[in-house]
Each structure stands twice: as C-alpha cells, then as structure tokens.
Amino acid sequence: MTILVNKDTRVLIQGITGGAGAFHTKQMLDAGTTVVAGVTPGKGGQLFEDKVPVFDTVAEAVAKTGANASVVFVPAAFAADSVMEAAAAGVPLVVCITEGIPTLDMIKVRAVIDPLGVKLVGPNCPGIIAPPVAQKLGITPHRVTRPGRIGVISRSGTLTYEAIGQLTALGLGQSTCVGIGGDPVGGLDFKDLLAMFEADPDTDGVIMIGEIGGGAEERAADFIKANMKKPVAAFVAGATAPPGKRMGHAGAIIAGGKGTAAEKIAALKAAGASVSPTPADIGRTLAKLL
Amino acid sequence: MKIHEYQAKQLFARYGIPVPKGEPAFDVERAVEIGRKLIDDTKSQTVVVKAQIHAGGRGKGGGVKVVQGEKGVREAASAVLGMNLVTHQTGPAGKKVGRLLVEQGMQIARELYVGFVVDRDRRSVCVMASTEGGMEIEVVAAKTPEKILKAWFEPYAGMQGFQARGLAYGLGLEGKTATAAAGVMQKLAAMFLKEDASLVEVNPLVVTTAGEVIALDGKVNFDDNASFRQKAHEELRDATEENPVEAEAAALGFSYVGMDGDIGCCVNGAGLAMATMDIIKHEGGEPANFLDVGGGADAETVKKAFKIILSDGRVKAIFVNIFGGILRCDVLAEGVVGAATEMGVKVPLVVRLEGTNVEIGRDILAKSGLQIHTAKDMGEGAKLAVSLSLGQGGGR
Numbered sequence: 590m591t592i593l594v595n596k597d598t599r600v601l602i603q604g605i606t607g608g609a610g611a612f613h614t615k616q617m618l619d620a621g622t623t624v625v626a627g628v629t630p631g632k633g634g635q636l637f638e639d640k641v642p643v644f645d646t647v648a649e650a651v652a653k654t655g656a657n658a659s660v661v662f663v664p665a666a667f668a669a670d671s672v673m674e675a676a677a678a679g680v681p682l683v684v685c686i687t688e689g690i691p692t693l694d695m696i697k698v699r700a701v702i703d704p705l706g707v708k709l710v711g712p713n714c715p716g717i718i719a720p721p722v723a724q725k726l727g728i729t730p731h732r733v734t735r736p737g738r739i740g741v742i743s744r745s746g747t748l749t750y751e752a753i754g755q756l757t758a759l760g761l762g763q764s765t766c767v768g769i770g771g772d773p774v775g776g777l778d779f780k781d782l783l784a785m786f787e788a789d790p791d792t793d794g795v796i797m798i799g800e801i802g803g804g805a806e807e808r809a810a811d812f813i814k815a816n817m818k819k820p821v822a823a824f825v826a827g828a829t830a831p832p833g834k835r836m837g838h839a840g841a842i843i844a845g846g847k848g849t850a851a852e853k854i855a856a857l858k859a860a861g862a863s864v865s866p867t868p869a870d871i872g873r874t875l876a877k878l879l
Numbered sequence: 135m136k137i138h139e140y141q142a143k144q145l146f147a148r149y150g151i152p153v154p155k156g157e158p159a160f161d162v163e164r165a166v167e168i169g170r171k172l173i174d175d176t177k178s179q180t181v182v183v184k185a186q187i188h189a190g191g192r193g194k195g196g197g198v199k200v201v202q203g204e205k206g207v208r209e210a211a212s213a214v215l216g217m218n219l220v221t222h223q224t225g226p227a228g229k230k231v232g233r234l235l236v237e238q239g240m241q242i243a244r245e246l247y248v249g250f251v252v253d254r255d256r257r258s259v260c261v262m263a264s265t266e267g268g269m270e271i272e273v274v275a276a277k278t279p280e281k282i283l284k285a286w287f288e289p290y291a292g293m294q295g296f297q298a299r300g301l302a303y304g305l306g307l308e309g310k311t312a313t314a315a316a317g318v319m320q321k322l323a324a325m326f327l328k329e330d331a332s333l334v335e336v337n338p339l340v341v342t343t344a345g346e347v348i349a350l351d352g353k354v355n356f357d358d359n360a361s362f363r364q365k366a367h368e369e370l371r372d373a374t375e376e377n378p379v380e381a382e383a384a385a386l387g388f389s390y391v392g393m394d395g396d397i398g399c400c401v402n403g404a405g406l407a408m409a410t411m412d413i414i415k416h417e418g419g420e421p422a423n424f425l426d427v428g429g430g431a432d433a434e435t436v437k438k439a440f441k442i443i444l445s446d447g448r449v450k451a452i453f454v455n456i457f458g459g460i461l462r463c464d465v466l467a468e469g470v471v472g473a474a475t476e477m478g479v480k481v482p483l484v485v486r487l488e489g490t491n492v493e494i495g496r497d498i499l500a501k502s503g504l505q506i507h508t509a510k511d512m513g514e515g516a517k518l519a520v521s522l523s524l525g526q527g528g529g530r
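Protein chains in written order, with the working numbering: chain A, 590 to 879; chain B, 135 to 530.
I should point out that these hints are in silico values taken from the structure, not numbers from a laboratory.
Just so you know, nobody snuck in bad clues.
Once the Cα atoms are required to be at most 16 Å apart in a straight line, the calculated EDC-like pairs of lysine to aspartate or glutamate come out as:
| hint | chain 1 | residue 1 | chain 2 | residue 2 |
| --- | --- | --- | --- | --- |
| 1 | B | Lys501 | B | Asp464 |
| 2 | B | Lys136 | B | Glu369 |
| 3 | A | Lys834 | B | Glu375 |
| 4 | A | Lys708 | A | Asp778 |
| 5 | B | Lys155 | B | Asp175 |
| 6 | B | Lys277 | B | Glu266 |
| 7 | B | Lys510 | A | Asp870 |
| 8 | A | Lys814 | A | Asp781 |
| 9 | B | Lys517 | A | Asp870 |
| 10 | B | Lys415 | A | Asp870 |
| 11 | A | Lys847 | B | Asp253 |
| 12 | A | Lys708 | A | Asp781 |
| 13 | A | Lys697 | B | Asp255 |
| 14 | A | Lys834 | B | Asp358 |
| 15 | A | Lys834 | B | Asp394 |
| 16 | A | Lys697 | B | Glu288 |
| 17 | B | Lys310 | B | Glu346 |
| 18 | A | Lys847 | B | Asp255 |
| 19 | A | Lys847 | B | Glu272 |
| 20 | B | Lys480 | B | Asp446 |
| 21 | A | Lys834 | B | Glu376 |
| 22 | B | Lys194 | B | Glu270 |
| 23 | A | Lys697 | B | Asp253 |
| 24 | A | Lys834 | B | Glu380 |
| 25 | B | Lys284 | B | Glu266 |
| 26 | B | Lys438 | B | Glu382 |
Nothing here was measured: the structure is a model prediction, and the numbers come from that model.
So here's chain A without its partners, still in its complex pose:
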C-alpha cells in the first residue's frame, strides 16, 4: 500500500498545455501514471499527446473522466484560483507544483478548501511519487526511485531527490515520497504525513527532511514523540544559514531568532528521531534504524 495515492488514482493536470505542464505530463505518463485529463481554459476539446483529453474546466474534466486527483502547473498569479477550482469540483487531492504564490493567497486557499475536506500538497513542491503503484503526481525524477517500503517527506525539491537517490543506492525502495513545499503557508504538514505513514502497513520507516523557518519540524517532533512507532530519520537543512535572510524558499528564513536548524534538530532528537549529521548520510541514517 501507499499513502495519498494508489493504483486507482486518476490524475488530471491543470495547466497541461503550458511549458512546464506539458513537459512534466509526458514524464508522468512515462512513469506509468494514470493521467486521465487536462484542463486549460480555452483549450477544451484538444487531445494532449494524442491520448489525454483537455477540458475548459475542472468540473467538466471530473464529470467526463472520473479524475480524483489534480496536479497544478498554473502560473503563480492564477494558481490559487486553480486549487480552489479543483476543490470546488470535488477533487479530494490537489498537488500544487507552482512556485511563487503570494502568502495571503495561500491563507485564503486553505480557508476555502479545508471545510471541503480537500487534501493539498504544496505549493512550491515536487509533489508525490508512489513507486509501488507507478503513480507520479509531480516532477520527482522517477528514474532515481524504486518500489519499496520507506516513506519520504520533505520541504525541499532537489534535496528530496538526493535522499531518494541515497535510499535507492542502498537498495532501499520507497513506498511514497511527498514534497510538502518550501512556502510559509501550504497544505499537508510533516505531522499529517507521518500519521499516514504510521498507519500504512507497507511502510517500515520514514525519512523527513526539514529546513529552517517556521515550526513544522517542531510539530512533527511532538507527533513523533506521542505517536510514531516506526523509525524516523531526519535531516534539517540550513544550519549555516544567516538569520533574516531568505534562503531561496519563501519559508526558509530565520525570523526573530526562531526557526533555526539547531532548535529543530534538538526537538527531533528529543522526540526519538535519528538526525543525519550531513545531507550525504540521510539514507544510511535510516538504514541503521531498520
């Protein structure tokens, strides 16, 4: 089993005809993903790659194809609207890849979609990949993954690939890998996903990759302490980052002395997680726990 997605997941792509959307939809198809529809307003009626029907609205796409998950590649100015459109059309899982969405927009998005029970992954994230069911909802390079029993949760993109690559090199496959994104306000959090992995009988251990800024790692530590029986290996990026500077991600900023790597590492260690000393040892740190 996997989390969030399974073999019955039917994926629709919002922004399928755009540059990033088209490129990554081809990659998703190549990975074996069940892509059933695309949405680009004004491009309804087209056929993407001779097989994926394109619709003007998410509601129509859902009605005609039974799509039950959406991946958003729409530019930042329109991405909040797209996420809300998917939620309003009854799509229960929305993965938002788009980077650069205004923070106040994301607060509004959460206020609109939370009462609908919609699960959001992202924004500004690589999305979800579940190798055992060959479903990729995002941009993670599937070449570095392999099916297995380790869960991965990360706030970063390429650092997630790094961790997956390390696991694969050690012969440890992955059940599901989820990038939750580097923005201050996003959807599912570490603790939400830790709970899902804890409940998944086909996941044996979890890697979580945090970074400076915010309090998500501390909340994860609280959850681990109280609820996790499965081993957790963690890494927190940004130990060398200076305070007050945005380190690429909008969310990665140490403000008012809070959100430092040292605080997060201490919280995770106190909760019983095993913290990797360097980003090159994430896979080995997890392997030792199994």
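Given the coordinates of chain A, assemble chain B onto it according to the supplied hints.
Frame of chain A; chain B shown alone:
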C-alpha cells in the same frame, strides 16, 4: 522587499493613519528647507532628523537627531547624511546614509508598539500590541512575553473592530484615544492586506500629550511573491540598499546570498543549496555563498552562475552540486567545460552531477584538460572542495 521609513509613512498617510509632518531629503539644503517649513507650520523649533536606511537601531547608532531651529537642522543633516551608520542590524560594516527624513517633533505621553505579521502556523495575520513601545520587540518577547497582546485575523475577513478595541483597551488606553488607536490598527490591517505586506511594524506608536495617536516610526516589508500584482512597489525600491550581487542574481532568476567563506557553491534547488553549505561546513570548510540556480539547470545557467560566484574575489574553489534527475549530464558537463573555459576559471572546480548519462558526463569533464574534479556523490564532492580550497590557501 524592504522600504524606507519615510516611504512607509507615506503609505500610512494614504491609508489615513496619522504620521508626523515631514518629508524626505537627499541633500542638506533640502533638509534645511523642510526644517524651515516645519518650524513655520508647527510654530515649534523642535525638528527631528532621521537617517533612512533599511535597518533598525538607528537611534542608538546616532542616526536620529532631535534638534532646535534651522541651524540645528543644518548641523544634524550635515552630520548624518553620508555617515556610515552602524547598528545591530547592519552588521559591523554599517550602511552609508544617503537619505534623511526631516519631520516635526512630538510631545510624547506614551510609546506603544503595534506589529502585523503572517502567522504561518495559524494561517492568519497576527497583530501584536504592547505597552513597551520604543523597545526591540524581540527583547520584550523574550523577557516579558506577558506584555505582548495578540490577536489574529483572516485575510478575507480583515481585522474586526472588537479585536482592535480589545487591544486598545488592553494597552490601557481610554476614551477617544482608545478609539483612535483602534482605528489606526484597523487601517494598518487593511493596508497589510491590500499591499501584500509580510510585515508592518509601528514602533513606537505614540500617544501625544494632546491625546492623539500617531505613527512615529514605520517599517513595512512586502511579500516578494506578490510583486506581479503590486507594480507600484517597484518605485519604492532603493537599489543602493541592495547587495549588488544578490540583485544581479535575482535578475537572472537565481537566489544568491553572500557568505563569509571561500568555497563557491552552484546548486539547483534551495534545500539542496542550503544542505551543500551545511556539508561544506561539516567537512571543515566555509561556504562563500548560497546559490540556488533553480530546479532545472542547463549549460547557460552554469555559465551565469560562475560569473556570479567569481564576482566574489575570495572564492578559492567552486563546488557544483546539481541533482538533475531528468537532466542530461553529458549536456551539462559540456556546459561546465565551456563555461569554465570561456570564463577562464582559475580556481579548482569540483563537479557532482546526478541525472541521465552520468558516465559520459564524467568522461567529458575528465578529458577537458581543465582543473575539474568529479565527485560521485555530494559527500565526496564536499570533502574534495574543502581540501582543494585549503590547498589554495583558503579556510580560516
């Protein structure tokens, strides 16, 4: 994006928030002219001359002068304009003062604090109010957290009247003064939302001896992600306040932050870029920079990145750490060789590439005849970069 105090106050005024009378000046004569006008208008000889830099602690650093008369304004403006102002926020190097704010003096009865910030964990905007105005709020929060009152509001609902009144009464204000303070807070809240701010701070918000509530200082940061719909903010940008290398990198779509070390980093992705700095430090080296060239990376990207990295003359070695996944390493390797040749890179180059055609890529790098070292993973790459930088006389 940060703006100056005088720009923040102009914005406040547009939202109906009372601010002292005053204007910005870029030279001494203009400052004196504004001072003379203020003395005429207010019938008071007291004028305040304030250095305008993007950093707090200006008063303590000697960048704020309360003076008497035109002569006082001239002396203060001459002293402050062009001075190198060092505060706890500028770092030891300080910042050169190129702009002044000349404004009327105030008869202050009480100094309060009001601040607005996005609370990411509660997914709302948090308003903080405190009786300890004029102090650093971080210090108040650490020492006397009970003196900070808080309220939260949702962006679609805005700050409600009861919340603003609750804070005003909580600060011990009464009658018309409380009503005025509540009004100021609601206007600041509206401004925060309308302008896509990430921080709005008034420290101090003063109550005058006449019972008026006035924003005596103002700090506003904008959410960079919202710049596409806040075009007017671009005019508020002060290029002299920005690190030129960081600005150049931003124009190329990169994210760059200068550090104090000597190992230049070229990495794709923010998390991996931070982790690369961390591992360099772990191996005993010092990173020269944080550089995220974006999720995808190609030959042209590498060339531009080298230019940015090498603009820091202290760089003794470069570590290229690219995890491409779907990237073709052979193509990127050719790009690295081409860029290194074209740019005349003299320092050792350590390259770690991950993607397709890794072997061909490594072969291209090995046969380039350049001082390029390939690493099979980021641990090896970091070790190599550190030892090579030390060999070049780097490190500490």
